[in-house]
Amino acid sequence: MSRLGIEGVTKSFGRTVAVDGVSLDVGHGEFLVLLGPSGCGKSTLLRMIAGLTPLSAGRIRLDDTDITHTPPRDRDLAMVFQSYALYPHLSVARNIGFPLRARRRTRPEIRGRVAEVAEVLDLGELLERRPRELSGGQRQRVALGRALVRDPGAFLMDEPLSNLDAKLRSSTRAELTGLHRRLGSTFVYVTHDQVEAMTMATRIALLNAGRLEQVGTPAEVYDEPASVFVAGFLGSPPMNLMDARIVSRNGELRAVAQDIDVPLGIAGELPPRDVVLGVRPEHLAPAATPMLRAQVRMVENLGSDEVAHCTVGSAAVSLRGPRPLGMSTGDALGLGVAPHHIHLFDRAGGRRLTWSPDPASEPFAASPEPNSPYKPAHTLR
Amino acid sequence: MFVEVAAPPRPMDKAIKAARPSLPRAIRRAAPPYLYLAPALILLGIWVYRPLAQTAQLSFYSWNLLPTTPMEPVGLDNYRRMMDSPELGDALWRTLEVILGLLPFSIVIPVVVGLLTRRLGGRSRAVYQALVFSPMLVAPVAGAAVWGWLLDPRGGVVDRATGTSVNWLQESGYAQVAIIMITGWHVLGFAVLVVAAALSGINGDYADAAALDGASRGQITRWITLPLLSPTLVFLTLMTVLLSAQWTFPLIDSLTQGGPADSTTNVYYLLWDYGFRSYDAGMGAAAGMLLFVGFGLVAAALVWLSERLAFHDN
Chain A
326 MSRLGIEGVT KSFGRTVAVD GVSLDVGHGE FLVLLGPSGC GKSTLLRMIA
376 GLTPLSAGRI RLDDTDITHT PPRDRDLAMV FQSYALYPHL SVARNIGFPL
426 RARRRTRPEI RGRVAEVAEV LDLGELLERR PRELSGGQRQ RVALGRALVR
476 DPGAFLMDEP LSNLDAKLRS STRAELTGLH RRLGSTFVYV THDQVEAMTM
526 ATRIALLNAG RLEQVGTPAE VYDEPASVFV AGFLGSPPMN LMDARIVSRN
576 GELRAVAQDI DVPLGIAGEL PPRDVVLGVR PEHLAPAATP MLRAQVRMVE
626 NLGSDEVAHC TVGSAAVSLR GPRPLGMSTG DALGLGVAPH HIHLFDRAGG
676 RRLTWSPDPA SEPFAASPEP NSPYKPAHTL R
Chain B
5 MFVEVAAPPR PMDKAIKAAR PSLPRAIRRA APPYLYLAPA LILLGIWVYR
55 PLAQTAQLSF YSWNLLPTTP MEPVGLDNYR RMMDSPELGD ALWRTLEVIL
105 GLLPFSIVIP VVVGLLTRRL GGRSRAVYQA LVFSPMLVAP VAGAAVWGWL
155 LDPRGGVVDR ATGTSVNWLQ ESGYAQVAII MITGWHVLGF AVLVVAAALS
205 GINGDYADAA ALDGASRGQI TRWITLPLLS PTLVFLTLMT VLLSAQWTFP
255 LIDSLTQGGP ADSTTNVYYL LWDYGFRSYD AGMGAAAGML LFVGFGLVAA
305 ALVWLSERLA FHDN
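Note that the protein sequences, when read in sequence, are chains A and B. Residue numbers in the first sequence follow our numbering, run continuously in steps of one, and reach 706 at the last position. Residue numbers in the second sequence follow our numbering, run continuously in steps of one, and reach 318 at the last position.
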């Protein structure tokens, strides 16, 4: 039954800032995924929540208690480590029972709880084994069992699936989602794998270089990426990003560059402005009136889909569609995209640009960064 | 009509033969590992196994080490004489005292120091460990000479500091204690270094996981750190049991010569005494063989134990 409040949390190691002023509210029962490339500070943030790494600044609350300076053992949190950290000298049963033993529960009670958890995780046969006698998937389940055994306020997970092979990973993903639904408790889950984030999260917090880039549901971060970084991180292949210039022509706005002339479907007159034009590979298709003139470099067969890697002007652009795409290396194509599938980002700051139809206010405003106290006013006038 | 898709062909009937290298070439290719090993094996044979075999042979002869005197075969006489003499039992008992006396220096203090210094920052820990390690760098005989002055009953620093007038090296009882303490001072740094290395080899995730699982610092030490350290502790025990008599030798020889009244004579010193002071080479060899077999059995038992305790940490 826990809500986690992360307020302006900062961690610096010497002069490097690993986590830079992150604020997040994790509601009760939420499955929050901290997503980002390696070195973005997501694991450090999780370790700060766990109490294993002290904060340089900021505050962490669990429900209404400030736990910033509470030692890990008193935090009522359970954590699954990337290495699983199963105690190598203890049997599976003693590993799972460890949190209860540390809390001085009676032996029969511990035995009963361990049996229950082993039943849930299908570990009954393995209780007397040592960790080294287990496969990767079994170790992962034991680590999960050790977290489950005492019904903690929240579960913290640090890339728990990264040591599993691809097949086991996808089935374990489904198991974890099911577990979260059954328990209804709060999960904070760190990963660099966008598939894990998209499939399991109720909300995703995307981190880059220690800062939050965007917080939102999987659909929000995929459909409306708040920055060039988010757009380029999610999707496989990720969103195509092309430098372009917005100009008004015949009362209509268009994004223009070499081999690019894309109508934005917005009527208006604005002075020219440099932007980054973003289009998802699956939203590009050959069109009668070409907006992008592309040269196919290579076609990849993914089984159900095909991906054509093309060059548009100086940019690399990929296109994804059901097989067969009917394209081959060297083809010259005219590609089109529907106006509502176009994403625009500020060239300098990288934040997403949204159109606000009211001409009195800022017509094109960069979406504010999460946590930032001010709204950057990138306007197109 | 349905036609089954055939599996890729697998040549079953005709055995596929790869080209074989010629015999000289096969030899040239197989030889290098043995050539690399050869110098070490030859030296090991010359300096370890040949003397061992000769010692075994010598233990069945009576000889006074003089090249002019012939060696006389005496069968099992040397062994019988040794078993009958009370010296051996006393020396074994004193060896046990030395081993037990050194265990605190090789196990207890290093573990305590290792656990305490683990929380120190990088540089101060290195400085501290260097300080503890430095006695190991002092040559044992030089250390013994300095300790001889410090323990001197007429104005030695130890007696002045403690306000007593004990004649440390000339009173039986005290002499053994002094030998143990000085040897302990010598080996402590080495043991601290071994324990510190083992501690830093323990994945920090275990302690982190245990802390989140609700264990207190003492529980983490008792339930996680010490069990994971146990293979190292068995190794140090093995070192102490097998080598403590040897570690004490230079100190005994330069400070007490086994006295007073044999009170610091352990089995190694006894062996040396038989061979090189009583010039009874056969007895010395027989004692050496007995020690070799006895310590070999103890070592085998401890190695077996350490393998039982080794947790493959992965």
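Derived from the structure by calculation, the hints contain no laboratory data. Certain hints may be false.
[To be verified] Over 10 Å on every C-beta distance to chain B, these chain A residues come out as not near it, computed from the model:
id	residue
1	Ser337
2	Asp350
3	Ser408
4	Phe423
5	Glu631
[What the hints assert, rightly or not] Here are some, though not all, of the chain B residues that point toward chain A, as calculated from beta-carbon distances under 7 Å:
id	residue
6	Phe64
7	Asp88
8	Glu91
9	Gly208
10	Asp209
11	Ala213
12	Ala215
13	Leu216
14	Gly218
15	Gln223
16	Pro231
[Unchecked claim] Across the chosen pairs, the derived CB separations fall in these ranges:
id	chain 1	residue 1	chain 2	residue 2	range
17	B	Pro231	A	Leu493	56 to 64 Å
18	B	Ala304	A	Ser337	48 to 56 Å
19	B	Leu80	A	Glu453	46 to 54 Å
20	B	Pro157	A	Phe338	54 to 62 Å
21	B	Gly208	A	Arg570	51 to 59 Å
22	B	Pro231	A	Ala534	52 to 60 Å
23	A	Ser460	B	Ala304	30 to 38 Å
24	A	Glu607	B	Gly208	38 to 46 Å
25	B	Pro12	A	Leu493	51 to 59 Å
26	A	Ser381	B	Ser258	39 to 47 Å
27	A	Ser381	B	Leu301	51 to 59 Å
Heads up, the beta-carbon is just placed ideally off N, CA and C, and yes, glycines get one too.
So, going through the hints one by one against the coordinates:
no.: 1; hint: Ser337; in the structure: 17 Å, holds
no.: 2; hint: Asp350; in the structure: 22 Å, holds
no.: 3; hint: Ser408; in the structure: 5 Å, violated
no.: 4; hint: Phe423; in the structure: 5 Å, violated
no.: 5; hint: Glu631; in the structure: 24 Å, holds
no.: 6; hint: Phe64; in the structure: 48 Å, violated
no.: 7; hint: Asp88; in the structure: 48 Å, violated
no.: 8; hint: Glu91; in the structure: 44 Å, violated
no.: 9; hint: Gly208; in the structure: 9 Å, violated
no.: 10; hint: Asp209; in the structure: 4 Å, holds
no.: 11; hint: Ala213; in the structure: 4 Å, holds
no.: 12; hint: Ala215; in the structure: 4 Å, holds
no.: 13; hint: Leu216; in the structure: 5 Å, holds
no.: 14; hint: Gly218; in the structure: 4 Å, holds
no.: 15; hint: Gln223; in the structure: 6 Å, holds
no.: 16; hint: Pro231; in the structure: 5 Å, holds
no.: 17; hint: B/Pro231 to A/Leu493: 56 to 64 Å; in the structure: 30 Å, violated
no.: 18; hint: B/Ala304 to A/Ser337: 48 to 56 Å; in the structure: 54 Å, holds
no.: 19; hint: B/Leu80 to A/Glu453: 46 to 54 Å; in the structure: 51 Å, holds
no.: 20; hint: B/Pro157 to A/Phe338: 54 to 62 Å; in the structure: 58 Å, holds
no.: 21; hint: B/Gly208 to A/Arg570: 51 to 59 Å; in the structure: 52 Å, holds
no.: 22; hint: B/Pro231 to A/Ala534: 52 to 60 Å; in the structure: 40 Å, violated
no.: 23; hint: A/Ser460 to B/Ala304: 30 to 38 Å; in the structure: 34 Å, holds
no.: 24; hint: A/Glu607 to B/Gly208: 38 to 46 Å; in the structure: 44 Å, holds
no.: 25; hint: B/Pro12 to A/Leu493: 51 to 59 Å; in the structure: 28 Å, violated
no.: 26; hint: A/Ser381 to B/Ser258: 39 to 47 Å; in the structure: 57 Å, violated
no.: 27; hint: A/Ser381 to B/Leu301: 51 to 59 Å; in the structure: 58 Å, holds
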